[in-house]
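Heads up: the sequence lines are chains A and B, in that order.
Going left to right, the first sequence walks through residues 5 to 214 as my numbering numbers them.
Going left to right, the second sequence walks through residues 5 to 214 as my numbering numbers them.
To be clear, the hints were calculated from the coordinates, so they are not data collected in a lab.
You may find that some hints are simply not true.
Pairs involving identical chains hold if they fit within one copy or between any two copies, as the list cannot separate such chains.
Capping the alpha-carbon separation at 35 Å, the derived lysine-lysine pairs in DSBU-like fashion look like this [as the list claims (entries may be wrong)]:
#, residue 1, residue 2
1, K145, K19
2, K77, K49
3, K145, K59
4, K210, K19
5, K150, K49
6, K31, K49
7, K84, K134
8, K134, K150
9, K210, K145
10, K31, K69
11, K44, K150
12, K150, K59
13, K135, K49
14, K19, K198
15, K59, K213
There are 2 protein chains.
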Amino acid sequence: MVNNMTENDNQTEDKIFEAATRVFEEKGMDGARMQDIANKAGINKALLHYYFRTKDRLFDAVFQKVAGRMLMKFAPVFEKDLTLEEKIRFFFRQHITFMQENPRLPAFVLNEINRNPARIKKLLKNVDFKKIWMMLIEQHKDELDKYNITEESIPQIMTTIAAISVFPFAAKGILEGIFENLGVNFDAYIEQRKEFAADFVIGALKSRKK
Amino acid sequence: MVNNMTENDNQTEDKIFEAATRVFEEKGMDGARMQDIANKAGINKALLHYYFRTKDRLFDAVFQKVAGRMLMKFAPVFEKDLTLEEKIRFFFRQHITFMQENPRLPAFVLNEINRNPARIKKLLKNVDFKKIWMMLIEQHKDELDKYNITEESIPQIMTTIAAISVFPFAAKGILEGIFENLGVNFDAYIEQRKEFAADFVIGALKSRKK
DNA sequence: TATACATTTGACCATTTGGTTAAACTATAT
DNA sequence: ATATAGTTTAACCAAATGGTCAAATGTATA
Numbered sequence: 005m006v007n008n009m010t011e012n013d014n015q016t017e018d019k020i021f022e023a024a025t026r027v028f029e030e031k032g033m034d035g036a037r038m039q040d041i042a043n044k045a046g047i048n049k050a051l052l053h054y055y056f057r058t059k060d061r062l063f064d065a066v067f068q069k070v071a072g073r074m075l076m077k078f079a080p081v082f083e084k085d086l087t088l089e090e091k092i093r094f095f096f097r098q099h100i101t102f103m104q105e106n107p108r109l110p111a112f113v114l115n116e117i118n119r120n121p122a123r124i125k126k127l128l129k130n131v132d133f134k135k136i137w138m139m140l141i142e143q144h145k146d147e148l149d150k151y152n153i154t155e156e157s158i159p160q161i162m163t164t165i166a167a168i169s170v171f172p173f174a175a176k177g178i179l180e181g182i183f184e185n186l187g188v189n190f191d192a193y194i195e196q197r198k199e200f201a202a203d204f205v206i207g208a209l210k211s212r213k214k
Numbered sequence: 005m006v007n008n009m010t011e012n013d014n015q016t017e018d019k020i021f022e023a024a025t026r027v028f029e030e031k032g033m034d035g036a037r038m039q040d041i042a043n044k045a046g047i048n049k050a051l052l053h054y055y056f057r058t059k060d061r062l063f064d065a066v067f068q069k070v071a072g073r074m075l076m077k078f079a080p081v082f083e084k085d086l087t088l089e090e091k092i093r094f095f096f097r098q099h100i101t102f103m104q105e106n107p108r109l110p111a112f113v114l115n116e117i118n119r120n121p122a123r124i125k126k127l128l129k130n131v132d133f134k135k136i137w138m139m140l141i142e143q144h145k146d147e148l149d150k151y152n153i154t155e156e157s158i159p160q161i162m163t164t165i166a167a168i169s170v171f172p173f174a175a176k177g178i179l180e181g182i183f184e185n186l187g188v189n190f191d192a193y194i195e196q197r198k199e200f201a202a203d204f205v206i207g208a209l210k211s212r213k214k
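With the hints as constraints, model all of the structure from the sequences given.
Here is the structure:
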């Protein structure tokens, strides 16, 4: 074994990181236990502190990565050269599929941000929303006009799109409880939602047509 | 003082309850400290355990009440004798106004339910969703037909309405961060949302018209 | 092989935390 | 006044928890 050090290094760190992600996602910052993370990573608790000095730093590393991964999913939508309708359709498919694979992520991120709003600042520092905003307005000037979308209503529409996509996962616990009552299957509901959401939003926009 | 016992009893219990609500809403079950609650209630920690035996029972009492209060807000919508459009408009006004007064509630309830899904069962046990569901379908039979709403799409529409209403508060931490970047004022955005949301949903429904 | 350096571990520590207990305090009824 | 019962407190406890440390183990280099 020639270059074992770096590999092994990463192996252990990755094991820790993976275990920490699982535990933090499930229990949150306050509910997570370092011992639990160590156990799930199959290592000694002291080793956690060797790689990540404190629980806070470990959490920060995990949060930064998963929250970043989630926000990233919004990016390609703005870059692709598609019509507004295509973008909306593309976004819902992409984003909901991502959350199907990471169903705990939305609730986790939302919660931890509300618990400690300072964290989000670090995340958003690298994103220039103003620029994205301007690009979007410029790129879809004609469509915004066609759909009678004022600048003031853009935040409303954007957050509505995010809401429709994220909420089912953020409220998974409640919805599953209610759906059980109604004989609705959550997974099928989610699968269906990819198209429903796009239709719904596009329909709403069309109804604004001048 | 004649009947001081009961009054005093309630006074202390209420003080505890109020303080506990504040602390739990802010820090969550795991992050909350009994000592902190006691301090904020202006009493001894042992007295907490005198009124509510354990942290878990205290949390349960608080959660049951606030979560119930939140779910209750959905009820009057189903009972009132209004058209579907009127109901949608009424709901958004009512519900968003309620959350303006209790901005931490949505994130708190969503989070704790995801952290401990068993809790929701106790809450929903008393609500007969099947019955509400049937009533709704019967009451708005003609409108569902007019808007081409199949039974299958009702959960989609209902959760979409809830999403549009709740999400801005559940994601308040993030949104405020982003809005700051864009020069958007959160409170104004929320005020505006009461009407926007109704217009948006009704617009989407209208676009389904046969 | 000896040296230097990173990795891993078991034992340990100080603090925090939910919870208990016995005593003190208060008000009412007799 | 005194007994009774509910209320409040200070002092205390055991367990859990994040974190430390010195020793041990492994690994590459000279």
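Exercise for the section: Please flag the earlier hints that this structure goes against, numbers listed from lowest up. Expected result: 1, 3, 4, 5, 11, 12, 13, 15
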